[in-house]
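Peer 1: Sequence:
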Amino acid sequence: MTESVLNATRVESPDRWWRQAAVYQVYPRSFADGNGDGVGDFLGLISRIDYLRDLGIDAVWLSPFYPSELADGGYDVADYRDVDPRIGTLADFDALVARLHDVDIKVIVDIVPNHSSDQHAWFQEALRSVPGSAARDRYIFRDGRGPDGSEPPSDWTSIFGGPAWTRVPDGQWYLHLFAREQPDWNWSNPEVRQDFLTTLEFWADRGVDGFRVDVAHALTKGLGVELPTQVQLEDPTHFPVGTHPIWDRDEVHEIYAEWRRLFDRYTPPLTAVAEAWVPAERRIRYATEQGLGQAFNFDLLKATWDAAQFRRIVEENLDLSAQSGSSSTWVFSNHDMVRHATRFGLPSTDSEGHAWLLSHGVEPREDRDLGLRRANAATLLAMALPGSVYLYQGEELGLPEVADIPGDDRQDPTFFRTGGQEIGRDGCRVPLPWTADGPSFGFGAGGAHLPQPAWFAEFAVDTQSGRSGSVLSLYQDALAGRRMLQTDERLEWLDIAPDVVAFRRPNGWTSATNFGSHSVTLEAERVYLFSDGSVPTDGPVRLEPDTTVWYQHG
Numbered sequence: 027m028t029e030s031v032l033n034a035t036r037v038e039s040p041d042r043w044w045r046q047a048a049v050y051q052v053y054p055r056s057f058a059d060g061n062g063d064g065v066g067d068f069l070g071l072i073s074r075i076d077y078l079r080d081l082g083i084d085a086v087w088l089s090p091f092y093p094s095e096l097a098d099g100g101y102d103v104a105d106y107r108d109v110d111p112r113i114g115t116l117a118d119f120d121a122l123v124a125r126l127h128d129v130d131i132k133v134i135v136d137i138v139p140n141h142s143s144d145q146h147a148w149f150q151e152a153l154r155s156v157p158g159s160a161a162r163d164r165y166i167f168r169d170g171r172g173p174d175g176s177e178p179p180s181d182w183t184s185i186f187g188g189p190a191w192t193r194v195p196d197g198q199w200y201l202h203l204f205a206r207e208q209p210d211w212n213w214s215n216p217e218v219r220q221d222f223l224t225t226l227e228f229w230a231d232r233g234v235d236g237f238r239v240d241v242a243h244a245l246t247k248g249l250g251v252e253l254p255t256q257v258q259l260e261d262p263t264h265f266p267v268g269t270h271p272i273w274d275r276d277e278v279h280e281i282y283a284e285w286r287r288l289f290d291r292y293t294p295p296l297t298a299v300a301e302a303w304v305p306a307e308r309r310i311r312y313a314t315e316q317g318l319g320q321a322f323n324f325d326l327l328k329a330t331w332d333a334a335q336f337r338r339i340v341e342e343n344l345d346l347s348a349q350s351g352s353s354s355t356w357v358f359s360n361h362d363m364v365r366h367a368t369r370f371g372l373p374s375t376d377s378e379g380h381a382w383l384l385s386h387g388v389e390p391r392e393d394r395d396l397g398l399r400r401a402n403a404a405t406l407l408a409m410a411l412p413g414s415v416y417l418y419q420g421e422e423l424g425l426p427e428v429a430d431i432p433g434d435d436r437q438d439p440t441f442f443r444t445g446g447q448e449i450g451r452d453g454c455r456v457p458l459p460w461t462a463d464g465p466s467f468g469f470g471a472g473g474a475h476l477p478q479p480a481w482f483a484e485f486a487v488d489t490q491s492g493r494s495g496s497v498l499s500l501y502q503d504a505l506a507g508r509r510m511l512q513t514d515e516r517l518e519w520l521d522i523a524p525d526v527v528a529f530r531r532p533n534g535w536t537s538a539t540n541f542g543s544h545s546v547t548l549e550a551e552r553v554y555l556f557s558d559g560s561v562p563t564d565g566p567v568r569l570e571p572d573t574t575v576w577y578q579h580g
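Under the numbering used here, the sequence shown is numbered contiguously, ending at residue 580.
By construction, these hints were calculated from the structure, which means they are not laboratory data. Virtual Cβ for every residue (Gly too), placed ideally from N, Cα, C. One should not assume that every hint holds.
Within a straight-line C-alpha distance of at most 16 Å, the following computed EDC-like cross-link-like pairs (lysine to aspartate or glutamate) qualify [to be verified]:
hint	residue 1	residue 2
1	Lys328	Glu284
2	Lys328	Asp395
3	Lys328	Asp362
What follows is a set of in silico ranges between Cβ atoms, one per label pair, in the way DEER data are often shown [as the list claims (entries may be wrong)]:
hint	residue 1	residue 2	range
4	Thr330	Gly433	52 to 58 Å
5	Glu217	Glu252	25 to 31 Å
6	Thr183	Gly250	36 to 42 Å
7	Arg338	Val156	26 to 32 Å
Given only the sequences and the hints, what does the whole structure look like? Please build it.
Peer 2: See below:
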């Protein structure tokens with residue numbers, strides 16, 4: 027048995043709680059409906075705080091709850107300093123924060139700085155203003171090509187499909203990297219920068235503990251007179267590192283340094299985590315103490331079920347965390363991705379579920395039992411690692427993706443902008459089942475804004491609560507158990523078998539995951555938890571395929 031030591035950073039003061047936190051993402055519109063209108067809200071969330079407390083999380087991350095026309099599930103923000111009336115009021119928000127803090131749960135809110143809604147007051151002002159005006163300079167407006175300007179400034183396509191430019195009545199075009207209802211801000215404009223500082227301060231003064239920064243790598247743009255083509259944009263070798271016209275420009279960190287100075291004025295300092303889809307070596311800059319402080323690591327989210335790949339990803343990200351002075355983040359599911367209980371039931375070549383989504387969930391067929399078994403094993407592995415673990419609502423119930431949503435009920439702009447060729451992300455945003463019966467499985471008194479399949483009943487909270495071997499019980503036990511593993515941030519790799527990823531934490535506890543097809547015998551003094559719901563026994567244990575165990579060596 028060989029050992030190596032990685033990341034020997036000690037856990038610091040309670041002010042740095044985020045370094046080892048278990049953060050639970052709430053997609054408010056789909057968590058709990060308190061007024062029966064079919065949309066989740068703050069009243070519903072407040073009614074489920076005891077559930078979150080009993081689950082054992084350290085923080086809640088709230089996806090956008092701001093006024094929105096829902097062109098992109100709330101990520102088209104019409105007012106950054108208010109609450110969507112369908113979700114609640116500012117008074118409801120204050121009550122929610124107070125109640126969560128009462129049970130020692132921190133609050134992280136989503137901030138969406140790359141783009142606003144086209145209903146935002148400043149964009150509406152820009153539409154009423156003339157080309158070249160101060161109002162238009164807050165966004166990215168350009169004249170079109172061709173003799174009459176009728177062609178867009180470039181051939182760029184948006185992330186959601188279709189053109190990235192939309193023309194306004196006076197003939198100019200505005201940039202939107204996402205939906206046409208989401209115009210991109212011009213971060214070269216000092217007024218935009220100041221307004222976001224005001225927004226961050228507004229929520230910080232209301233008691234939030236941190237921010238999740240949406241599309242953190244896209245704020246600053248480098249748009250010259252001549253714009254590159256879409257082919258050039260997609261060529262990773264065309265632009266020197268840090269100078270891409272849209273993504274991950276070096277000067278974006280000037281913005282986050284300014285944000286950090288604001289965050290550090292609070293006691294304790296506010297935390298922030300970047301959603302930055304950038305190469306691993308570039309991720310470090312977002313995670314430094316001079317920047318946001320932490321950045322999402324999505325590498326495991328994209329990984330296939332392979333022991334060598336998992337270990338390499340963990341080693342690389344612990345090394346990157348040591349370089350940045352931050353802690354790593356481990357995540358398998360969120361509001362943008364196919365749920366990992368489904369992904370791990372697909373062939374390994376479809377590790378992100380893309381091919382499955384393109385076939386509307388028909389081909390390849392998912393192996394639901396295998397997917398859930400591997401998802402639980404992966405989650406237990408991640409919970410034993412140094413760093414923060416980010417959980418997405420419903421994964422603690424083992425929820426699979428819902429693929430067969432009728433077209434008339436879909437909401438994701440990807441579905442509409444691709445003419446239904448891509449079904450989008452609605453399948454991971456279906457409202458949660460709280461009870462095995464009722465019009466919306468306990469989500470609310472009436473129906474739900476996205477249809478729930480009949481098989482949701484078997485995953486409902488009330489069918490799993492207090493039941494040994496349920497996924498919910500596994501998450502509760504694991505979240506309680508990980509506190510004993512997180513005494514500091516050291517890790518020792520153990521070479522047990524080629525298909526086993528195993529590591530020991532400093533207090534003697536070991537996590538071992540069997541990625542192979544044959545069982546492995548482990549010498550154990552004490553077993554704490556199996557991911558497959560097996561009853562722990564002392565002494566030698568058999569680690570079955572697609573299973574994780576936490577144990578102490580003999």
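Peer 1: Now, for every hint given, state plainly whether the structure supports it.
Peer 2: Now for the hints, and whether the structure bears them out:
1. This hinted pair does not check out: Lys328 and Glu284 have alpha carbons roughly 32 Å apart, beyond 16 Å.
2. In summary, the hint linking Lys328 to Asp395 is not supported, as the alpha carbons are separated by about 20 Å, beyond the 16 Å threshold.
3. Note on Lys328 and Asp362: the hinted pairing holds, with a Cα-Cα distance of about 12 Å set against a maximum of 16 Å.
4. For the pair Thr330 and Gly433, the supplied restraint of 52 to 58 Å is violated, since their beta-carbon distance comes to about 31 Å.
5. As the Cβ distance of Glu217 to Glu252 is approximately 27 Å, the hint placing it in 25 to 31 Å holds.
6. The supplied range of 36 to 42 Å is broken by Thr183 and Gly250, whose beta-carbon atoms lie about 20 Å from each other.
7. For the hinted restraint 26 to 32 Å between Arg338 and Val156, the CB-CB distance of approximately 55 Å leaves it violated.
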